[in-house]
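Number of protein chains: 4
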Amino acid sequence: MADAKIPYSLNSKAVAEATYAWLHKRGVTIQEIAELVMLLQNKYYPNLTMEECVQNVEMVLSKREVQNAVLTGIQLDVLAEEGKLFSPLQDMIEHDESLYGVDEILAFSIVNVYGSIGFTNYGYVDKLKPGVLERLNDKSTGQIHTYLDDIVGAVAAAASSRIAHRKQAEREQELGLPQAPEDIEDAAKRLAARDGGTPK
Amino acid sequence: MADAKIPYSLNSKAVAEATYAWLHKRGVTIQEIAELVMLLQNKYYPNLTMEECVQNVEMVLSKREVQNAVLTGIQLDVLAEEGKLFSPLQDMIEHDESLYGVDEILAFSIVNVYGSIGFTNYGYVDKLKPGVLERLNDKSTGQIHTYLDDIVGAVAAAASSRIAHRKQAEREQELGLPQAPEDIEDAAKRLAARDGGTPK
Amino acid sequence: MADAKIPYSLNSKAVAEATYAWLHKRGVTIQEIAELVMLLQNKYYPNLTMEECVQNVEMVLSKREVQNAVLTGIQLDVLAEEGKLFSPLQDMIEHDESLYGVDEILAFSIVNVYGSIGFTNYGYVDKLKPGVLERLNDKSTGQIHTYLDDIVGAVAAAASSRIAHRKQAEREQELGLPQAPEDIEDAAKRLAARDGGTPK
Amino acid sequence: MADAKIPYSLNSKAVAEATYAWLHKRGVTIQEIAELVMLLQNKYYPNLTMEECVQNVEMVLSKREVQNAVLTGIQLDVLAEEGKLFSPLQDMIEHDESLYGVDEILAFSIVNVYGSIGFTNYGYVDKLKPGVLERLNDKSTGQIHTYLDDIVGAVAAAASSRIAHRKQAEREQELGLPQAPEDIEDAAKRLAARDGGTPK
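Protein chains in written order, with numbering that gives the first Met the number 0: chain A, 0 to 199; chain P, 0 to 199; chain R, 0 to 199; chain Y, 0 to 199.
Take the hints with a grain of salt, since some may be wrong.
Repeated chains share a single entry, so a pair holds when one copy, or any two copies, can fit it.
[Unchecked claim] Once the Cα atoms are required to be at most 25 angstroms apart in a straight line, the calculated DSS-like pairs of lysine-lysine come out as:
{"#": "1", "residue 1": "K128", "residue 2": "K42"}
{"#": "2", "residue 1": "K42", "residue 2": "K138"}
{"#": "3", "residue 1": "K12", "residue 2": "K24"}
{"#": "4", "residue 1": "K42", "residue 2": "K24"}
{"#": "5", "residue 1": "K138", "residue 2": "K166"}
{"#": "6", "residue 1": "K126", "residue 2": "K42"}
No lab work stands behind these hints: they were computed from the structure.
Here chain A stands alone, though its shape is the one from the complex:
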């Protein structure tokens, strides 16, 4: 309960933690999302490791816009599962109605955090439903993942975009090209490692 004297102040860490907690509660592991990333990217980067995929998924999930979309989508799934939405929204989300596209809209705001280059990857996994996406789409479980399946695909697509950006930066470094200012996140990680802390 809020104390009237303390003005509302968002706690970003609580938002980040709730994102991880809810993904877990709804049965999705970071590892599974990372596997989608590997599926999307290993033909372009044969040396890509699962560890890198996991790390890139985590960087995507560290963004507030992503956390907002994940939490909002999962909330709507959960409420639909409990039958608590008003009609006809309840029906549309419960049945993953094909003309209901708000789930795609939220997914899109996630893909977008690393730019438009992720749109294609999103559409591809959303159509083929590999790995975890197949399970999330299984309508026989009684669970409703109308939002979550799109969200998971979108996180994987955004992580793929992030990898494309970093790999380009690495290539340029290897070529001895003057460095563009894009590797700030890696820099932060190096700093954190040196300081004994961890930025994530």
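The hints should help you fit chains P, R and Y onto chain A, whose structure is shown.
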């Protein structure tokens, strides 16, 4: 009532009607949205009538994408008002948290139905909060309109875009230019009028 | 040449005609785009005809937002082919650089005209590059279609979304459900047919 | 100069430098964009300094998606100024045609890099045209800035969003809250400063 033998089939009319019903229940009239449109457009079209503004708002509200966004947004507002969302989503929506942007994302999907030319109008009314938007933003009422205020601004912006398209078509007709195929909606209205029915 | 006395007035028909003319000049037929639509939709609608696919592609192409995106994208392709862009934009478009995503952004504004439900179809064809998209991606021809391949996929995806909307309307009519106001375009076509004209 | 033996490899630094060079060539200074940011944000953060505004504009401009949009937009403005686009695209861009919205679409991809919370700020400055935007909109100069004025407003809006994110992080630090992983960019700056380099 659903019969187990009848597979789920979306009833578009029910979706349309729920949209109007919920706007009404949350205290927003079509007239008020039309007033925002008039405010945005009368300096460009001095002869614009309130009737035209109302009609254009109705055409925007007849789109399924718009109805989906309106219903989803209002549902989240209502649940936040009842304190039924999980934390910290409850807090973010309840306090219209400035880093929570999913409301803007839904608003954007509405603006977009008549293309990107509506973005500016949306931002403008969302900043100035004229008319109905001021009331929806009054945090002292106990009501929560985190989504609805953005949605109403977006509907007004989309209606403004629609007017811009139709006015151009009218200008070209007056100039005796060969007609582009954009006036299908008006055509539909003429047809409906002639048939004694009404398409909206 | 503009006559100083005549204020600029957009001729929508000229914009529409240029869109068709430039698609043709760049080697893309409406039929080929319709084939992508058929590929995307026939598993959902086994009775879908090529004629319907063509008609839906034409309705997508009749939208000003779509025409604007098509013309702008083709213009950039043509200028890149002629080597007339400044560096490094010339290089990025010429090589369909993977970190250059403005082509996807324009494609997206096209997909969006019938809502977010088309995102998946766009990503899917953009990844698999069936039919005309394979030809447009053949880098050995000397032609540059960095924008056009995404645009063609986007038009096909938007047409698919439009079909999903109309098929739902048809299903509801067959079920004798009260009609939602979505079939205005068909109404316009019926009106035009009756009047002996054609709205398209 | 391209050597046939060296495969194309994007030089990110060249893209970044071209972005700055072309903004300068088209008469826009970072200072002026920062002034728009100050105008948008100082009522929320009275202690905001011009130096912070400049720094945030620079961080926005360091993003590849932003650079791509800036360069593409300026290229189209320049070509329109030289009369080198095909008709009717030439006319639409030359006259900043109200139904031509591709400039807004590019602007939007810029605003989006720090999420949807920037949409409102974009629309607001785009409507009011303060400062540099008024000059860019002066149609009497013979210069064409159809894209650039929207781009500049979008960069300012994105920088404003970035400030909102950082200020929240600062507030949470002051409150002694556990830190969310959002300050990686600042971390990178500290690292760079310590290493004697500059991540820009």
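Do the hints match the structure? See the list:
Taking identical chains as interchangeable, the C-alpha atoms of K128 and K42 lie at most 25 angstroms apart whether they share a chain (18 angstroms) or sit on different chains (16 angstroms). Taking the shortest Cα distances, K42 and K138 sit within 25 angstroms of each other only across copies (19 angstroms), while inside one copy they are farther apart (31 angstroms). In this assembly of identical chains, K12 and K24 lie within 25 angstroms of each other by CA distance solely inside one copy; the values are 18 angstroms within and 36 angstroms between copies. Taking the shortest Cα distances, K42 and K24 never come within 25 angstroms of each other, neither inside one copy (32 angstroms) nor across copies (34 angstroms).
For the homomeric pair K138 and K166, the shortest alpha-carbon distance between copies (23 angstroms) is at most 25 angstroms, but the shortest distance inside one copy (38 angstroms) is not. When the C-alpha separation of K126 and K42 is checked against a cutoff of 25 angstroms, the pair qualifies both within a copy, at 19 angstroms, and between copies, at 13 angstroms.
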